[in-house]
Amino acid sequence: MSEQTAQIFVDTDVDIRFRAKWYTGRVLIYGALISWAIVSLFPIYWTVTTSFKLAPDVMQGSLIPWVDFQPRWRGWRSLGLSPATIFETSTVRDEFLKRFMNSVIISLSASTLAVMLGSLAAYGLSRFSYRFGFMKNKDISFFFLSQLILPPVALALPFLVLYKELDLLDSRIGIILLYTLMVLPLVIWIMRDQFRAIPVELEEAALVDGLSIWGAFVQIVMPIALPGMVAAFIIALVLSWNEYFFAALLTSTDAKTLPVMVASQTGSQGINWWSMAALSGAAIAPLVIIGIVLERYIIKGMAAGAGK
Amino acid sequence: MAGPGQSEGDQLHTVVSDYMSPRRILAGRALLWFAAAVLFVTAVIQALYTWDRIAFGFENWRPVLYAFIFWGTALCVAQVLVRGEQGKRVLFVLPAVLFVVSMVVFPILFGLYISFTDWNLASPTGPKFNGLDNFRQMSGDPFYWNALKNMVYYVLAVSVEYAIAFGLALLLNAQVRARKFFRVAFLLPLMLSPVAVSWMVGKSMLEVRFGPLANLARFLGWENPSFFSSPEIARLSIMVMDAWTFIPFMMVMILAGLQALPKEVLEAAKIDGAKPWQGFWQVTFPLMLPVSITAIVIRIIFKLKLADIIINVTSGGPGGATDSVTSFIFREYRDRSNVGYGTLLAMIYLVLIIIFVTSLLKVASRWTRQFNQEGAG
Numbered sequence: 000m001s002e003q004t005a006q007i008f009v010d011t012d013v014d015i016r017f018r019a020k021w022y023t024g025r026v027l028i029y030g031a032l033i034s035w036a037i038v039s040l041f042p043i044y045w046t047v048t049t050s051f052k053l054a055p056d057v058m059q060g061s062l063i064p065w066v067d068f069q070p071r072w073r074g075w076r077s078l079g080l081s082p083a084t085i086f087e088t089s090t091v092r093d094e095f096l097k098r099f100m101n102s103v104i105i106s107l108s109a110s111t112l113a114v115m116l117g118s119l120a121a122y123g124l125s126r127f128s129y130r131f132g133f134m135k136n137k138d139i140s141f142f143f144l145s146q147l148i149l150p151p152v153a154l155a156l157p158f159l160v161l162y163k164e165l166d167l168l169d170s171r172i173g174i175i176l177l178y179t180l181m182v183l184p185l186v187i188w189i190m191r192d193q194f195r196a197i198p199v200e201l202e203e204a205a206l207v208d209g210l211s212i213w214g215a216f217v218q219i220v221m222p223i224a225l226p227g228m229v230a231a232f233i234i235a236l237v238l239s240w241n242e243y244f245f246a247a248l249l250t251s252t253d254a255k256t257l258p259v260m261v262a263s264q265t266g267s268q269g270i271n272w273w274s275m276a277a278l279s280g281a282a283i284a285p286l287v288i289i290g291i292v293l294e295r296y297i298i299k300g301m302a303a304g305a306g307k
Numbered sequence: 000m001a002g003p004g005q006s007e008g009d010q011l012h013t014v015v016s017d018y019m020s021p022r023r024i025l026a027g028r029a030l031l032w033f034a035a036a037v038l039f040v041t042a043v044i045q046a047l048y049t050w051d052r053i054a055f056g057f058e059n060w061r062p063v064l065y066a067f068i069f070w071g072t073a074l075c076v077a078q079v080l081v082r083g084e085q086g087k088r089v090l091f092v093l094p095a096v097l098f099v100v101s102m103v104v105f106p107i108l109f110g111l112y113i114s115f116t117d118w119n120l121a122s123p124t125g126p127k128f129n130g131l132d133n134f135r136q137m138s139g140d141p142f143y144w145n146a147l148k149n150m151v152y153y154v155l156a157v158s159v160e161y162a163i164a165f166g167l168a169l170l171l172n173a174q175v176r177a178r179k180f181f182r183v184a185f186l187l188p189l190m191l192s193p194v195a196v197s198w199m200v201g202k203s204m205l206e207v208r209f210g211p212l213a214n215l216a217r218f219l220g221w222e223n224p225s226f227f228s229s230p231e232i233a234r235l236s237i238m239v240m241d242a243w244t245f246i247p248f249m250m251v252m253i254l255a256g257l258q259a260l261p262k263e264v265l266e267a268a269k270i271d272g273a274k275p276w277q278g279f280w281q282v283t284f285p286l287m288l289p290v291s292i293t294a295i296v297i298r299i300i301f302k303l304k305l306a307d308i309i310i311n312v313t314s315g316g317p318g319g320a321t322d323s324v325t326s327f328i329f330r331e332y333r334d335r336s337n338v339g340y341g342t343l344l345a346m347i348y349l350v351l352i353i354i355f356v357t358s359l360l361k362v363a364s365r366w367t368r369q370f371n372q373e374g375a376g
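So the protein sequences, as listed, match chains A and B. Sequential numbering of the first sequence, starting at 0, is according to numbering that gives the first Met the number 0. Sequential numbering of the second sequence, starting at 0, is according to numbering that gives the first Met the number 0.
Keep in mind the hints are simulated off the structure, nothing from the lab. It cannot be assumed that every hint is accurate.
[Unchecked claim] In silico lysine to aspartate or glutamate, DMTMM-like type, Cα no more than 25 Å apart, as pairs:
{"#": "1", "chain 1": "B", "residue 1": "Lys-87", "chain 2": "B", "residue 2": "Asp-9"}
{"#": "2", "chain 1": "A", "residue 1": "Lys-135", "chain 2": "B", "residue 2": "Asp-9"}
{"#": "3", "chain 1": "A", "residue 1": "Lys-20", "chain 2": "B", "residue 2": "Asp-117"}
{"#": "4", "chain 1": "B", "residue 1": "Lys-127", "chain 2": "A", "residue 2": "Asp-166"}
{"#": "5", "chain 1": "A", "residue 1": "Lys-163", "chain 2": "B", "residue 2": "Asp-51"}
{"#": "6", "chain 1": "B", "residue 1": "Lys-269", "chain 2": "A", "residue 2": "Glu-203"}
{"#": "7", "chain 1": "A", "residue 1": "Lys-163", "chain 2": "B", "residue 2": "Asp-117"}
{"#": "8", "chain 1": "B", "residue 1": "Lys-202", "chain 2": "A", "residue 2": "Glu-94"}
{"#": "9", "chain 1": "B", "residue 1": "Lys-262", "chain 2": "A", "residue 2": "Asp-166"}
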C-alpha cells in the first residue's frame, strides 16, 4: 500500500467499504465456482487415480498419486492396456475393444442417420406447408417432438419380440435404428431452430439462379447450418454412447455395447477396484475428450432449446 | 398417405414449370403399386407360414422388413415421379415420418396387443389372450404402485436441481476469470454414461468402508455412514447421483437464457436503485420464466425415464424404495421373462406420462401467458 501515500485522491470510507464488499463478493463467487468444480471433477479424478491403485491404496482411501500412494499399472494391465501388455495378446483387451468398437459404430451411425433424417424434416417443416391427412405442419412437428416423452420401457418389450421375429436381436442394425429413433426428436428440435434463423431470401436468390430446392438446400443452406448440425450430432452421439437400457435388453454377445459391459462387470461379486476403475475410465474417456474439445457445440445445441 | 401440400402457406415460394408427362405419372403409380403388392404378398406368405397354413415360407420375418423398406423407398420415389416439384418438398419430411411411424406406432400397437396376453418368453407356449387379468394383477401389485410413488419423489427432486442449476448459471454469467474452464468442468458430468456414474459414484465413492464420500461423512460426524440401507437415504443417494449428471443440462439452458436477456432492462433496474437481490426476483427471474419452464419440462421428461443408475446401483432396493417404474419393469422382464405383464405396466405408465406431461404443458403455458399479461398491464 505504499502507492496509496503517493496518491492525490484518497479513498473515502465509502469507497473502501464498497471495495471490501466487492472483494467479499468475489471470494464468494470464486468459492462457489471452485467448490462446484470440485464436485463435478472429483468423481472423474477419483476414477482415474483409482485405476492406478493397488488394493491397500484403495483400502486406505489414498487420494493423491506419488504422495499418498505409488501409481501402478495394475488396473490397466488387467484390461491389457498398460505399456507392458499393450503388445501382448489379451483376451480382456479384445473383449473390451470389441465392445468399444460396437459403441463407436452404433453411436456414430445412429447420430449420422438421425442428423440426416432430422435435418431434412426440420428444414421441410420450417420452409413448406404440408398436409398429411389431418396433420398440418404444427401437428407434424408436435408428432416428432412428442416422441421425446415416450419412455424407453414402453418400446423395449415390443421391440424385444419384434426384433426376435425379424432376427435383429443382438445386431448392431437393430440398436442403431432404435437409437436413431431415440435422438431424432432432439435433433429435429435443434435443427428447426437453426433453420428458422437462416433467412429465406438466401434460398430465394439461389432459386432465381436456377438451383432446385434440393440444390439450394445442399449448396446454400447446409453450409450455413453446419455448426448446428455438428451440435445436434454431438448431442446425439453423447446420448447414444451412454445409452444402457435398450442395449441391456436387446443385445447379448455380438452387439453388446460398452455400458452393458461396464454394468455386467459391476454386478459381479468381488469387484476388482482397479480394473473397474480402468474400465470406467476407458468408457468415459472419449466423451470427456469430446466434452472438453467440442464444448462450444454441445452448449450451442442445448441452448437452441432455451431460445424458444 | 401424403395429401396435396398447400403452397399458399409456404415460407419459400418456388416458381417452376411443372409439366408432368402422363408416362412419368404412370410409372410412379406402377412402382408404388408394385412395391405395395410385394410387401403384401411377402407379409401374407410369412403370416400363413408362421401359422402353419402353408408349407413354404421364410426362416424369419426379415424379408418382410426388406419388403417394407422397398415399399418406403418406392413411396418416396413415387412422390417425385407423380407430383414433381410438390413431391420433392414432401421428400424432405417423408423419410423421417415413415421412420418414426414404423418405429413407434407399429410397436406401440403391437405392445397394446401383448399387454392383454399372458406371455412368458421363457415358456415354450406363445402369447395367450387373457383379457383383463394383467390389469387385475397390476392393481394388486404393491411394487408397481410403490414405483409410481417413487417417481413422484424423483420428479419433485427436479425443483432442487433447478435451484442449483440456476445458481450455477448465475455464477457463470457473472464477470469471472477462467469462465471457459468452469463451464467445461461443470458440463463434464453430463457427458458421462449413467452406468459409469453408477460405478464411479454409487459403487466406489459411496462404498461404506473406504469410499471417499463415506470417509468424508465419517469426518463430518456421521458414525456409520451407509448410503443404501435405509429407504429414505437410499432414495436420496439415487436422486443426488442423477442430479449430479443432469444439473449441467439445466444449467446450460438457463445460462443461454440469461445471456439472451436484454441488457438494457437489467441496467435500468440497477439505475432505478434495485438491490441485486431485488433485481433478481423482480427482473431477471420473471424474464427467465419461459426458459425455466422449458428446462424444467424437459428435465422432468428425462427424469421420467430414470432407470440406469437404479438398475446398476441398488436394483430397486432396499425393499423397492428406490425403484423407478422403468427399473421395476426391467427386472420384471429380466428375472421373470414376463413380457405380457411387463408390457401392460409400461403401457399404463405411458398413458400416465402422456396425461401428466400434457397437463404440465397446459398449466405451464397458461402460467406464462398470465404472467406476461400481468407484466404488460
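Hints, one by one, checked against the model:
1. Pair hint Lys-87 (chain B) plus Asp-9 (chain B) holds up; C-alpha atoms about 14 Å apart against a cutoff of 25 Å.
2. Restraint check for Lys-135 (chain A) and Asp-9 (chain B): the C-alpha separation of about 12 Å stays at or below 25 Å, so the hint holds.
3. Among the hinted pairs, Lys-20 (chain A) with Asp-117 (chain B) is inconsistent with the structure: their alpha-carbon atoms are about 70 Å apart, more than 25 Å.
4. The straight-line distance between the Cα atoms of Lys-127 (chain B) and Asp-166 (chain A) is roughly 22 Å, inside the 25 Å bound, and the hint therefore holds.
5. Between Lys-163 (chain A) and Asp-51 (chain B), the direct Cα distance comes to roughly 19 Å. Compliance with the 25 Å bound is thereby established for this hinted pair.
6. Taking the CA atoms of Lys-269 (chain B) and Glu-203 (chain A), the gap is about 45 Å. The hint is violated against a cut of 25 Å.
7. At roughly 18 Å between alpha-carbon atoms, Lys-163 (chain A) and Asp-117 (chain B) fall within 25 Å of each other, so this suggested pair holds.
8. Restraint check for Lys-202 (chain B) and Glu-94 (chain A): satisfied, since their Cα atoms lie roughly 23 Å apart, inside the 25 Å limit.
9. Taking the CA atoms of Lys-262 (chain B) and Asp-166 (chain A), the gap is near 58 Å; set against the 25 Å cutoff, the hint is violated.
Consistency note: the structure conflicts with the earlier hints numbered 3, 6 and 9.
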